[in-house]
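Novice: Here's the letter readout for the chains.
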Amino acid sequence: MRSEQSPGQPNWTDLVDRIRHDESSALEELYRIFSKGMRYYLHRQLGPQDLDDRVHDCFLIVAQAIRRGELRDPERLLGFARTIVRRQIAEHISLAVQQRKQQVDMDLGVPLSDSRLSPEASAIRNEQEQLALSSLKGISKRARELLTRFYLKEQSREQICSEMNLSETQFRVYKSRAKARFGELGRRRLSGCELKVLQDCSQEV
Amino acid sequence: MTNHPDGDQIEAYAMAVVQGYLDEQEALIIEIEDHLLWCHACLENVMREERIVAAVRSAALSTRSEIHRPKKKLATVRMAGGGNP
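One line per chain: the protein sequences are A and B, in this order. According to the numbering used here, the first sequence is numbered sequentially starting from 18. According to the numbering used here, the second sequence is numbered sequentially starting from 929.
Each hint should be verified, as a subset may be incorrect.
Claimed, not checked - Label-pair ranges, simulated between beta-carbon atoms:
1) Tyr949(B) with Glu45(A): 34 to 40 Å
2) Leu989(B) with His38(A): 51 to 57 Å
3) Gly948(B) with Glu87(A): 29 to 35 Å
Stated by the list, open to error - Beyond 10 Å from chain A on every Cβ pair, some chain B residues (computed):
4) Asp951
5) Glu954
6) Leu965
Rather than coming from a laboratory, the hints here were simulated on the basis of the structure. Computed from a prediction, not measured in an experiment: that's the story for all the values here. Ideal placement from N, C-alpha and C gives every residue a C-beta, glycine not left out.
Kindly produce the complete structure, drawing on both the sequences and the hints.
Specialist: Below, the structure written as structure tokens:
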């Protein structure tokens, strides 16, 4: 049975068929389609380290499985690829836990790595927090209240509408505007910071 | 997934990711993740939304001492129609 497809979704049957027939353009297409999504999941779970290699590994596993005919139903390609990525993540985490355990045993219970942020990463995070804070303070009180209720307190739309006297349409419009304004202020302040850094650098040279 | 996720679904997914209560076994999550694997436009929307959620939370948290972090299923978020945010 064929699953229903989203608009714009590639034709998986055709793509899988071409890969099975060793068409190099099909492999390129597979990589173009999946590499971004795979990168997103891998980065989210494992961070930036060795990201390109990990994406490449996942892609190769998927491509080789297709070539070997292990994917019987091409319509299941998405689920198959997602499973491969998750399996790679699980394996990596399991390996890392094992390595850390061995390291701790070797060092008589004193772990080598420190999970705290490096001074640089900590400084960047502080700057980002200050930037976000000044952007939030820069929007109107009502917009700030709406965003805080929704994103921080996780209040339902119904509760926010009721307590802020908003219709559902007003809620959508105000939230959308508040987000846009917040994002715009953040970008402006960020470009201001970057400009200041550039000016500082040029003065130093 | 017969269509692209709507704005509410993308928002709810991004919030679940940022706040760490994403249930990877939930049917709707699986559908969205399968979709994000190939749909670059929706993936961009999710990443943008994650940045906004993280920034608003970080800013709002620095002005608050307490935070509620309810565990809730993505499917319980009411999914009204409409486009992306």
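Novice: Take the hints in turn and mark each one as holding or not.
Specialist: Checked hints:
| no. | hint | result |
| --- | --- | --- |
| 1 | Tyr949(B) with Glu45(A): 34 to 40 Å | 37 Å, holds |
| 2 | Leu989(B) with His38(A): 51 to 57 Å | 54 Å, holds |
| 3 | Gly948(B) with Glu87(A): 29 to 35 Å | 33 Å, holds |
| 4 | Asp951 | 13 Å, holds |
| 5 | Glu954 | 13 Å, holds |
| 6 | Leu965 | 4 Å, violated |
In this structure, the one hint that does not hold is number 6.
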